[in-house]
Amino acid sequence: MEIREYVVRRLLKLPLLLFLVSVLVFGLSRIGGSPIGIYLEHDMTHEQVVELEERFGLDESLPEQYVAWLGGLFRGDLGFSAVSAAPVATVLPEKLAASLELSVLAAFIAFGLGIGLGTFGGARRDRFADHATRVIAVSGASLPLFWFALLVLILFYLVLGWAPLGRSDPYLYGQIVHPTGLYSVDALLNGHWPAFVDAIRHLWLPALVLGYEGLATITRVMRSSLVDELQEDYVDLARSKGLPERFVIKRHARRNALMPTVTVMGVAFGLLLQGSVVVELIFQWPGLGRWIATAVLRGDQATIMAFVLVAAVIFLLANLAVDVAYAYLDRRVVLGE
Amino acid sequence: MMVTTDRRGQGSGSTRRRIPSLLALLMVLALLAAACVGGEAAQSTDGEGDQAAAAGGDEGGGGGDVGTFVHALGGEPTTGVDPAAVSAGSYGDRVVIQVYEFLVDIAPDGPDLLPMLATEVPTQENGLVSEDGLTYTFPIREGITFHDGTDLTADDVKYSWDRVITMDLPEGQAGTLTEIVESTRVVDDLTFEVTLTEPAAWFLTSVVNSVPAAVVSQDAVEENGGVAAGEPNEFMRDNAVGTGPHQLVSWQRNEQMTFERFEDYWGEPAALDARWEVVVDDAATVLGLRGGDFDLVEPVPQFIPEVEGDENIVIDESGFLLEPLHLAFNLRIPEEAMPEGDTIPPDFFHDARVRRAFNYAFDYEAFIQAGLGGQGAPATYLPPALLGYDPDAPKYEQDLAEAERLFREAGWWDEGFTVSVLVEAGNPTFSPVGLILKDSLEALNPNFNVNVVEVAEAQFDEAHAQDPFEYPMWIKNGDPFRDPHQLMFTYFHPDGPWGQTLGYREGYEDPDQIAELIEEAGRSTDVEERERLYGELLRLLHDDPMWIWAADEANVQIYRDEVQDFVYNPLWIMPRWRYYDKG
Chain F
1 MEIREYVVRR LLKLPLLLFL VSVLVFGLSR IGGSPIGIYL EHDMTHEQVV ELEERFGLDE
61 SLPEQYVAWL GGLFRGDLGF SAVSAAPVAT VLPEKLAASL ELSVLAAFIA FGLGIGLGTF
121 GGARRDRFAD HATRVIAVSG ASLPLFWFAL LVLILFYLVL GWAPLGRSDP YLYGQIVHPT
181 GLYSVDALLN GHWPAFVDAI RHLWLPALVL GYEGLATITR VMRSSLVDEL QEDYVDLARS
241 KGLPERFVIK RHARRNALMP TVTVMGVAFG LLLQGSVVVE LIFQWPGLGR WIATAVLRGD
301 QATIMAFVLV AAVIFLLANL AVDVAYAYLD RRVVLGE
Chain E
1001 MMVTTDRRGQ GSGSTRRRIP SLLALLMVLA LLAAACVGGE AAQSTDGEGD QAAAAGGDEG
1061 GGGGDVGTFV HALGGEPTTG VDPAAVSAGS YGDRVVIQVY EFLVDIAPDG PDLLPMLATE
1121 VPTQENGLVS EDGLTYTFPI REGITFHDGT DLTADDVKYS WDRVITMDLP EGQAGTLTEI
1181 VESTRVVDDL TFEVTLTEPA AWFLTSVVNS VPAAVVSQDA VEENGGVAAG EPNEFMRDNA
1241 VGTGPHQLVS WQRNEQMTFE RFEDYWGEPA ALDARWEVVV DDAATVLGLR GGDFDLVEPV
1301 PQFIPEVEGD ENIVIDESGF LLEPLHLAFN LRIPEEAMPE GDTIPPDFFH DARVRRAFNY
1361 AFDYEAFIQA GLGGQGAPAT YLPPALLGYD PDAPKYEQDL AEAERLFREA GWWDEGFTVS
1421 VLVEAGNPTF SPVGLILKDS LEALNPNFNV NVVEVAEAQF DEAHAQDPFE YPMWIKNGDP
1481 FRDPHQLMFT YFHPDGPWGQ TLGYREGYED PDQIAELIEE AGRSTDVEER ERLYGELLRL
1541 LHDDPMWIWA ADEANVQIYR DEVQDFVYNP LWIMPRWRYY DKG
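These protein sequence lines map, in sequence, to chains F and E. Residues in the first sequence are numbered consecutively from 1, following this note's numbering. Residues in the second sequence are numbered consecutively from 1001, following this note's numbering.
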């Protein structure tokens, strides 16, 4: 099957999967009882509770509530976020954009740098460069993220003053229009250099910290699979043809070593979503992760449900991307049946 | 085959791939350069507000020319900023008092009232309160404009009050008005009159100066959805159109709210613009404060050891908050709903000896040290800032011998019991109350077991709205009442909100006596008489306790030393930005 046809088929299956996810999300959210609690104050009377249940449609039967919620999804109504006093659908795009901006850069760092470092170390097996890469890999995988983030912030924010907190200088942020919601991209689209500088100044450190864990995982896998590949016969053949070592690695071994790495990338992307909660909390990054942390701690079901749906879509797309990457890397992989 | 595939890949790929790598390298360099340039810019100025002024002052966007006071808080208004929709003691309350104003307000340095939108504070002496204490007349100040440019008249005041009463939102505080207001009337353009259902000594401090009595622009509301019973107004949820020295400019959810000085403010203008930073993580709060991004933070006792010794940070301790931490006894537990494992009978707390024994067993000192970081003091039932506070009123101290004697007398010492207490998870000051009670009781007698049940806020509030309430005990902090009457009525009156839910009539030795004393003290306009009555109540309630009042939490404020003229009156609910400046 052609890659394009395969992608289209997979995308067509997406709504069905999302429907199943929606049933699951709704069901799970109601296992703990009615979501009314978050809209209540501690001293409300029973009548006041009933009034709020009516306002938020929580007085109806569960199937009716599900249909109403699903209908809302199609109309772009994701319910009312009680932690932010706004419709979820109004806040979500802003938060998603902020998180995407951070995660995409973190993913570039993790994937790009990880593959590079892994190749660098694997090709210099057991030499100093290899040991150095392994230090990075092991530390990235073993340092608890919240602790690492705090240490980094103390150094770069408090001591050196190289990185600020948050996502933007509110004044500069207010100076430009935001067609995409990605601050750095919007700043470029506006041709506003100070805003772009501001965006990058805020972005680089949290992205680096967020990408670090994924970077470590990918470096490790890339290194060991390259070491394995380099012992294969085809590598010997290439070498015996007189190809310089760097061509042997770059053009032969690396490509094959990428296969297991790509599998890990799917997982690493999940790590990014997970890590974004911690990094956003500590760096004051106003994204989805921080918002969801607030919602979970306080029990705001509408917000949590919307987040799970978005996360499911992201995961489904990431998995699709991994499958497509397999096919691209190894033409022997048969997509579909 | 393999090799061929590879070659095909290489042939066209080697140049194709080099370009993206080059681009990537260039981008990285650009980013680094940007980061360095930005870093220098940041270091050369003090705060982000100043930096903004330097970067874009010429574009004249309001607020570029003055500094910004940055206040970091742990959340944001959860029902919006409409005075009709915010809950008592919530973050919404705290925005309302910055952007809206009241007829009278509390002065920075004490319990005295200042005339604000009214030109005088009504008293019987100046003739603005009727002989029978039922009618209050407010002369309205001339020449006040709202943030939308319209002028303030008595119509706006009446409209604001009536609006809250008509909407009567469950999340709002309409009850504060309806409890006592019989009617409102516009006498003329600049005179507003209120008639009460009964004389109330606490009307000015606790009603006129309460959040639902904030004055909103009638035109702004009418142009944006008007008033509907039981329905929140979306415009007013997201926007504020008041007369205050700051106006709300933007609100990015879960991030920040920005406020600018109101240019046409009628009184002394604010010195600085202001920003409310939502900071969810405690570590980030401390970092931001130490790094100079935040000027003032919401004080959490656990921060203090982290910032102590930082010469740029001031820890200001003056007086006590209005929100004593307390643990409630439920005298009306439905038997079928007793938490699993609890062995107490539903009438366990009917016995005053048991309630007193709990009070004697609790380790107050440990709570103040561990739960409040030393920033607190043993409490009486009235916080020190309130009328009627008496430093000599009886307070409970841990007395294990007395607790043992009372438990023996009540017949629980040998048999023992297991009892649950409900507490909101993640609150740095609530859970220690439960844990210390557990520790105190279980150390006293191994037959005593206390289960501390921690649940998310949503579940806690849901449990709280139950009637009857399904836990034997729960922990919370008090609502910030500004007059002892509301506090006494809410927490101790046998027919008050908690008295009914928790069944105080089953427990008080003489419920009618307590009810009468509370009502009499609320009606009286004679301050000394009120003080005497509250003194008597404090003694009666001590011997027949319905709560463990764990401690009065000290009013600790933590701010940067650049902040000048810092002043905070606990009766305000929250610091008022209008008074602060920065050097």
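These are computed hints drawn from the structure, not numbers from a lab. Since we're looking at a predicted model, the values are computed, not measured. Note that CB positions come from ideal geometry on N, CA and C, so glycine has one too. Fair warning: there could be bad hints in the mix.
Residues on chain E that point at chain F, a partial pick, calculated with CB under 7 Å [claimed, not checked]:
#1 Pro1077
#2 Thr1079
#3 Asp1168
#4 Pro1170
#5 Glu1462
Any of the earlier hints contradicted here, and which numbers? 3
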